[in-house]
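*Asks:* Sequence:
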Amino acid sequence: MKELLNIAKKRIIPSDPEQKDMSDFVKLLKNATTSKYNPIVCGSVGKSTWLAHRREADIFLLFSPDLTKKQLEIQGLKEGKKIVKKLKGKWKLAYSEHPYLQALFTFRKKQYEVDIVPAFAIKNSSNIKSAVDRTPHHMKFILKNLKNNNDVRLLKQFCIAHECYGADLKVLGFSGYLCELLIVKYKTFSSCIKAVSKWKPGKTIIVGKQSPTKKFSTPLVVIDPVDPSRNVAAVVSEEKFFTFVQACQKFLASPSMKHFFPPEVKPIALTDLKKKINKRKTKLLLFSFKKPKSLEDILWAQTRKLNKLLERKLQKDDFTILKKGTWMDKKQITLVFEVDNWVVSKVKKQIGPDIKSKAASLFLKHYKNKKVSVERGRYVVEVPRKRTQVLPYMKDFFIGTAKKLHSKGVPSRLASPMTKARIEMFPDKSLVLKSHPEDFFKFLQKWFKR
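With our numbering, letter number 415 in the sequence shown gets 415, and the count goes up by one each step, no holes.
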């Protein structure tokens with residue numbers, strides 16, 4: 001395994017020229033900043049855990065804690081825009097707890113992505129005024145306690161390969177800081193993987209000396225060493241937790257480079273997709289609509305809510321969902337459900353209360369015009385279904401104005417585009433799939449392998 005890890009390291013550790021370019025760019029960035037704001041380069045670049053060929057940096061501008069949050073926002077954005085203008089870059093507004101700039105610079109014919117984040121200069125992490133105020137303290141902790149930076153790089157690349165790297169609402173996985181803390185805890189990549197392979201849901205990890213000050217109910221709990229009331233792994237979903245654990249188990253059983261650099265996924269051809277669906281004797285229910293203008297995190301959060309809403313609606317009427325997923329690009333969003341059954345009988349069996357229970361009389365009164373029988377000590381009655389086919393049901397559900405759809409539970413940002421959504425079944429004369437780019441068919445290929 002040692003030889004394998006050394007080969008992987010050579011591909012992910014930035015080369016000497018890369019490191020020099022990054023170092024020179026960071027100096028340029030800091031020199032463009034007014035020194036009174038005490039600019040600090042944070043993130044993976046500041047902690048020397050960045051991966052080769054990833055030119056991304058975070059610069060924090062630290063303001064007096066005597067300012068209000070509104071004053072911080074105004075002055076921080078003003079200073080950030082000055083930096084971008086000075087270095088002839090481009091910027092767009094992004095949001096965390098308060099606004100910050102996502103900037104793009106060209107340096108030595110290469111592009112660098114930089115988050116310019118205003119924060120309060122807080123000496124004691126227990127006195128933070130906003131969430132981002134912790135970041136410089138995270139930086140200090142990692143610089144003091146991390147001994148094996150390249151093992152962090154291995155862990156990050158491992159997570160990227162298994163699609164569980166990133167704490168954004170698209171991935172719901174492991175952040176860079178979380179990877180760094182795991183290496184601080186377990187010392188090396190190998191030790192970390194061995195420990196993770198034995199994790200069970202509810203695993204709690206304490207890094208440093210501080211004990212947690214509150215209880216958490218997430219699959220993974222990693223107490224922030226600079227804030228014992230915070231769970232660094234709070235965003236990690238159940239799915240990504242198990243993905244990570246199983247990936248570690250598989251790697252230990254059969255170490256290979258594919259766990260760091262998996263083969264490129266080829267898009268599934270429409271003919272092959274049709275064969276797969278026919279072989280499984282299922283169908284795909286597709287909802288495709290125009291992507292609204294909004295922050296990516298908001299859209300991913302709202303598509304998840306919409307997915308859950310549709311799943312509840314379908315299951316309530318006895319339509320079984322085997323898999324569900326969401327694909328998104330710059331122009332459109334497509335929700336995909338693989339359904340086990342798309343037509344159900346016109347009547348269903350309604351199981352009532354125990355014949356000896358107090359509720360029995362109410363049940364009989366409610367169904368006084370129906371034929372009621374007894375099965376295993378419970379009243380049973382056949383009732384007509386309101387909906388018997390998936391496609392007409394879903395098309396009917398999305399008829400109406402955005403306001404009406406929102407009242408039905410459709411998330412606010414998606415209600416308007418869903419009024420014009422294309423809803424189809426594959427392989428039943430579906431035109432939706434034919435209008436999708438290659439990336440969507442790569443998504444489907446991976447989706448079926450999960």
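In short, the hints are calculated from the structure, not lab data.
Glycine included, each C-beta is placed from N, C-alpha and C at the ideal position.
A portion of the hints provided could be inaccurate.
To be verified - Pair by pair, the computed Cβ-Cβ distance ranges are: (1) Lys82 to Lys123: 25 to 31 angstroms; (2) Lys215 to Ser64: 46 to 52 angstroms; (3) Ile7 to Ser294: 38 to 44 angstroms.
Unchecked claim - Here are the computed lysine to aspartate or glutamate pairs in the EDC-like style, where the Cα-Cα straight-line distance is at most 16 angstroms: (4) Lys446 to Glu239; (5) Lys323 to Glu382; (6) Lys123 to Glu56; (7) Lys386 to Asp329; (8) Lys20 to Asp66.
*Asks:* Now tell me if each hint is right for this structure.
*Replies:* Hint check results:
A hinted range of 25 to 31 angstroms holds for the C-beta pair Lys82 and Lys123, which are about 26 angstroms apart. A beta carbon spacing of about 35 angstroms between Lys215 and Ser64 contradicts the range 46 to 52 angstroms that was offered as a hint. One distance hint, 38 to 44 angstroms for the beta-carbon pair Ile7 and Ser294, holds here, with the actual separation near 42 angstroms. For the suggested pair Lys446 and Glu239, the alpha carbons sit about 15 angstroms apart, so the restraint of at most 16 angstroms is met.
Annotation: proposed proximity of Lys323 to Glu382 is violated, straight-line Cα distance about 30 angstroms (limit 16 angstroms). The suggested pairing of Lys123 with Glu56 is violated, with an alpha-carbon distance near 26 angstroms, which exceeds 16 angstroms. Restraint check for Lys386 and Asp329: not satisfied, since their Cα atoms lie roughly 36 angstroms apart, outside the 16 angstroms limit. At most 16 angstroms may separate the alpha-carbon atoms for a hinted pair to count; Lys20 and Asp66 exceed this at roughly 37 angstroms.
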